[in-house]
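Undergrad: Hey, can you work out the whole structure from these sequences and the hints?
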Amino acid sequence: MASVHESLYFNPMMTNGVVHANIFGIKDWVTPYKIAVLVLLHEMSTTKPMALLDRRRLNKLILPLQQGPDLTLEQFLKIVEECCLRMVNAVKLKLLLMADGELQDMEHFFTILPNAFSDSEAFKTSVVGLFMRQMLLAYNKLSFSQVYKLYKSLQQYCHRDNQPELSALPAEDMELTSNEDPSADHIDKDELDTASLHQSELRSDETRGPLSQKQAEYFLARQAYLLKNDENKAMSPAKLQDELNNILKFNPDFAEAHYLSYLNSIRVQDIYISTHSLLHYFDRLILSGGEGKSNGDEGYGRSLRYAVLNLATLHCRFGHYQQADLALQEAIRIAQEANDHVCLQHCLSWLYTLEQLKGSDSVVLTEDSVKIAAHFCLPYLASLGIQSLVKQGAKQGMPANKLLDALRGTDIMHWKQSLSELIEISLAQTTSIWRMYGKSTMARQQAQLLLNMNSLEPVNFSVQQNNTEAFAVALCHLAELHAEQGLYAVVSDIMKHLKQQFPPHTQHAKLWMLCDLKIQFEKAMNDGKYHLAEPHVTAISALNSTEGLYRKAQLLKALNQTSEASKILQQLQQQCEKSKNIEMTIRVMLASAELHWDSSGFATALPLLLQALSLSRQHNLQSLTSETLLHLAFTQLMLGIPEQALVLVQDVLESVLAHGSLIDKGRALLLAARCQMALAGAAAQEHRLTALEQAVHTLDEAVVYFSQLDCKERMRDIHYLQARLHHTLGNIAQRNKCSMLFRLLDQELPSSGMTVVSHL
Amino acid sequence: MAAMRSSEFGDLVQIKKQLISIIAQCKERGLVHSVKWASELSVSLDALPLNEIPAAPELTEEDARDLDALCLAKSHFELKEYDRAAYFLRGCRSQKAYFLYMYSRYLSGEKKKDDETVDSLGPLEKGQVRNEALRELRVELSKKHSAGELDGFGLYLYGVVLRKLDLLKEAVEIFVAATHALPLHWGSWLELCNLITNIEMLKSLSLPECWVRDFFMAHMFTELQMIKEALQKYQSLMEAGFAKSTYIISQIAVAYHNIRGEGYLQKRVFCCPLTGNYYSLRSQHEKAALYFQRALKLNPRCLGAWTLMGHEYMEMKNTSAAIQAYRHAIEVNKRDYRAWYGLGQTYEILKMPFYSLYYYRKAHHLRPNDSRMLVALGECYEKLSQQVEAKKCYWRAYSVGDVERMALLKLAKLHEQLNESDDAAQCYIIYIQDIFSCGEQLEHAEVSTALRYLGQYYFKNKLYDEASLCAQRCCDYNDAREEGKALLRQISAVREQGEPSSTDLSLPSVFNPLINTTTPVRRASPLDLSSGTP
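Note that the protein sequences, when read in sequence, are chains A and B. Residue 466 in this note's numbering sits at position 466 of the first sequence, and the numbers go up by one each step. Position in the second sequence (from 1) plus 1000 gives the number in this note's numbering.
I should point out that these hints are in silico values taken from the structure, not numbers from a laboratory. Glycine residues also receive a C-beta, built at the ideal position from the N, C-alpha and C atoms. Among these hints, one or two may not hold up.
Computed list of lysine-lysine pairs in DSBU-like fashion (alpha-carbon distance at most 35 angstroms, straight line) [to be verified]: (1) LYS1017/B with LYS249/A; (2) LYS1383/B with LYS358/A; (3) LYS1334/B with LYS249/A.
Pairwise CB distance ranges, derived in the manner of DEER restraints [to be verified]: (4) GLN571/A with SER1385/B: 52 to 62 angstroms; (5) HIS375/A with LEU1418/B: 50 to 60 angstroms; (6) SER1142/B with GLN75/A: 31 to 41 angstroms; (7) LYS1203/B with GLU337/A: 29 to 39 angstroms; (8) SER1385/B with SER143/A: 52 to 62 angstroms; (9) GLU337/A with LEU1418/B: 20 to 30 angstroms; (10) GLN445/A with LYS1351/B: 36 to 46 angstroms; (11) LYS358/A with PRO1368/B: 32 to 42 angstroms; (12) LEU93/A with SER1146/B: 29 to 39 angstroms; (13) LYS1169/B with ARG56/A: 57 to 67 angstroms; (14) ALA1056/B with LYS249/A: 43 to 53 angstroms; (15) LEU1418/B with GLN571/A: 35 to 45 angstroms.
TA: So, in structure tokens, the structure goes:
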């Protein structure tokens, strides 16, 4: 079920993944590359007649050129060339003229630059206009010697491809600092050695200079957005860290880089660096917020509170619940002292999340949180709380109509406020709830709704968010639903997608791992390949111990190790009663009843099954109810009351056929046929034949389902029964055919020793 | 070994002669710092009679040929016109001229680099400015080196170039060679000192047997925080005849300061603004911060100043500025434990004990045997109600040698709060013994607290003799006098009732030797601070 928290990315300095402008120093400066871009812009505005298509392509190029990192002249010209062949020659000519001429030529270029834009379509406040003016300003700020240096580097830039040995020089260079203090130097070097090593590697393959503040901001915003929305498209963790180190080296005040480093190291589960980066970021943030407004609602005090809160979430993420608890208490205390209700609300919602993670009951806390959040008009937190309550309510057997009503109520608000993240969670939750109630059609529909929904979030960098937990949950449900219908090709497609979208190291990968294992286990069990199921049990236990125990019991039962299985089931039952895991409790009861059957204790199985029935009815768990009823019917059949059994089977048949899995359908029909056969034996002669024919017909239907699943054991049983029936009915040809089929399957399968099934 | 050394030092006259000659040599080559060091030592020794003063070394044929060029170049060199100096020395063959030639080129590169740093193209080039001459110098020097044509000074310069190029391993080799070639040149030793990071590395080097080596070892011990060894070394040097040396005295002062954890600040007094420190001592924190800022403008990588500025801001209750300053300090040097500790303190002041745990932990990690970090950690844990961790921290703080002598007291109080009276009494006992054994009167008023508690504790356990002893001692202190008297009265009242005193010997007593007690008393501290504190 979708957990409610996705506010990992909450950060007072960042909204919609865009890092807000900070206040440090110079933002941009003139580089040879920038001059090249300016020359291009200048050419574009002066060459009036130009093919419309060319112009459009060039216009589309402007923004990436301005925002991206500095390119070499070669790269730059190549990009321009792809858009407009004529333009590239003009630009190249102009640049080379400038570089081969005198410093005056560059000076001249900057003087005539504004004239070109004054009568063109580039307004002062447009992207191009702003860029041009910033460059002019930066250029005019340069001192004499700086201008000379700029010119020198322009010359070098233009002739780099002609003189490869010159460009190769900086790659192997070591950074030398203007340090007077030798001991300080060596201490420092010691610490930085790994970082600088990586950098020099990075430099050597693509000689790139440091990013300007503008470029760095753009870079960070882009990477942060990608990390949040589609991690696979972001840079690889190691490379991103290298880039960040590079940015920080040239601009240590750039606090946002630390935040990105925190996100990046969380990706690779590195607690050490992520803590370090997080604290560093907030230390830096405190200093930037400290100016002007000191202890008020904004700025310094506020970031302190969120710093602790973020630390709590970090510990929570790594499963250090005690640490998280301490940090959270601290956040709550200082938020209380500062009367910061919003922060307190965030703390409260984390508090109940933490309680849930620790496995204790947090309904009261959650209810409080919802109430207060509603009071302070914090729709996001209120909805999160409601969703959390629904989750807990569903587990504790709250009436379905109440739960779905609550979800619908919040949904209306989500759509009004465009909280797309919450809409996704809500849909995933509805899927889970329908699935739990055993309404597979509804579950499928909700999952498809989520997957086909257009997100309300703006689409930046051509990436739409589809890596949230909600998507993972919905996809897992879909995979399981398809597996139930025996569509394994589809399942493997979905799994492939999941693996790609949520790589194994990511936060939500465990969801699909467990789902995949469960499907494979079920398949192996259905095929009777128990040796294949065994390794899956171990793997499942690693991800979910309760589930693992249950699967182990099932496997042992199938292998006829009854006493071990029974021991495990008892243990499991105690566990489930403690943790109030109703679904599992019922499953365990059913499994125990099946164990009783194996020892022919049909009468002893009855009370267990009745208890399971009442529990499943109480919690609206329809699929489990049907399953229990089938178990009951079978028990009755074995106890010699086929009339009752048939009535029960016919009662549940409808819902099983509508919502059940293939194997359930087949089992139900097989059971019905067996009841019919038992009744036919007792019926009067004239009804007998019709009754037997009916049974044959039912078996025919059942065999279709089992053959879809390729469940050979059951098919063998059915063919045996069919052959017997045809024999009684006198259809010799049919009989022979069925017995041949039986024979074929019987040779293929290891002999089970039991001719007619003593199981469902 | 000490005996051997002292015999070596016996010939102070010889040492004096060596010093005088090395002073002359260094002076000719413009190595001013080594000149200063040698002169300082030389001053501390008795002056030589006229006939003992060593004659200037004989001039060789080459020297004579280069004499004029050398003279001109030296004057340019002294005027800091390095390029000119190098120009006039181009063709010279003599060792002296060659060294000055290369050294001028090196310094010219450094000077240009510094000029460029001020006037670069903004942050774009920050950190990219480099001494362009280094590469060429390295190539030329390595050729000469492999040909075996470098003398001690040449090797020294080669080493410096290598170090600047971050070729540290090669640099160490060359400096070792330089010390062998010319053991009296202090500059090579000093450079070597900066490259040695741990004691194992130091032991692995083969250094020349010379009296300078003792100075080097002493300096090295100070750097590696092996204060006890350093002090011993300096002491023996003083006994060997350098008692008047200002250098040794100041080094001893540095060592003592290192004990108190303020070592590197003192050492870098020449780059740190003394003025700032002065104002700080006079509690004029604004002015102090101002001067530290000025110092940082002059040298933004000055280690101590950022930390000191952080302290000043803390004093001024400007926490955000303090955090900023400490962070800068950490960026300059990640191992600046004072800055980590300062950050921890800042957050503790902001009432965020959990948050500050991280910083204290960092500081503790850097100085595992410093009790102050441990006490700070303990206090944070106590605030977070993590008593078990707090107890561990306090006990550890005591075990590594508690500077402030607060850990035991805090531990005792913690036990008291948790109603673990036996443990509490135990701690108070060790505390009292500790205080009295150190012999001096500390300004703690807490001895009375301990005595008071112990009195009550013994009374409750019916050890009336001990209880009355404690009560009597209580009467020595103003704040506990009344309670002491009251306890005495209670004891006498109980005794009159004839209640027998318990003879349970398992209870600890202040006046028993501590070996009998159950608490493991470990005083195995690598840094025995109690003896080091002046």
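Undergrad: Decide if the proposed pair is consistent with the structure: LYS1334/B and LYS249/A, CA atoms, cutoff 35 angstroms inclusive.
TA: holds, 14 angstroms
Undergrad: Tell me if the beta carbons of GLU337/A and LEU1418/B are separated by a distance inside 20 to 30 angstroms.
TA: holds, 28 angstroms
Undergrad: Holds or violated: LYS1383/B and LYS358/A, Cα atoms, limit 35 angstroms.
TA: The hint holds at about 23 angstroms.
Undergrad: CB of LYS1169/B to CB of ARG56/A, is that within 57 to 67 angstroms?
TA: Given range 57 to 67 angstroms: holds, Cβ gap about 58 angstroms.
Undergrad: Would you check the hint for LYS1017/B and LYS249/A, treating anything up to 35 angstroms between C-alpha atoms as holding?
TA: violated, 50 angstroms
Undergrad: Regarding LEU1418/B and GLN571/A, is the given constraint of 35 to 45 angstroms on their beta-carbon distance met?
TA: holds, 38 angstroms
Undergrad: Is the hinted range of 29 to 39 angstroms satisfied by the C-beta distance from LEU93/A to SER1146/B?
TA: violated, 50 angstroms
Undergrad: Assuming the hint says 52 to 62 angstroms, is it satisfied by the Cβ distance from SER1385/B to SER143/A or not?
TA: Between SER1385/B and SER143/A, where Cβ atoms are some 60 angstroms apart, the hint holds.
Undergrad: Hint says 29 to 39 angstroms; check whether the CB-CB distance for LYS1203/B and GLU337/A agrees.
TA: violated, 55 angstroms
Undergrad: Is the distance from the Cβ of ALA1056/B to the Cβ of LYS249/A consistent with 43 to 53 angstroms?
TA: Holds: the Cβ-Cβ distance is about 51 angstroms, inside 43 to 53 angstroms.
Undergrad: Starting from the hint 50 to 60 angstroms, judge whether the C-beta atoms of HIS375/A and LEU1418/B obey it.
TA: Violated, since HIS375/A and LEU1418/B (Cβ atoms, about 41 angstroms apart) do not stay within the stated range.
Undergrad: Assuming the hint says 52 to 62 angstroms, is it satisfied by the Cβ distance from GLN571/A to SER1385/B or not?
TA: At roughly 36 angstroms between Cβ atoms, SER1385/B and GLN571/A fall outside 52 to 62 angstroms, so the hint is violated.
Violated hints for the displayed structure, listed by number in ascending order: 1, 4, 5, 7, 10, 12.
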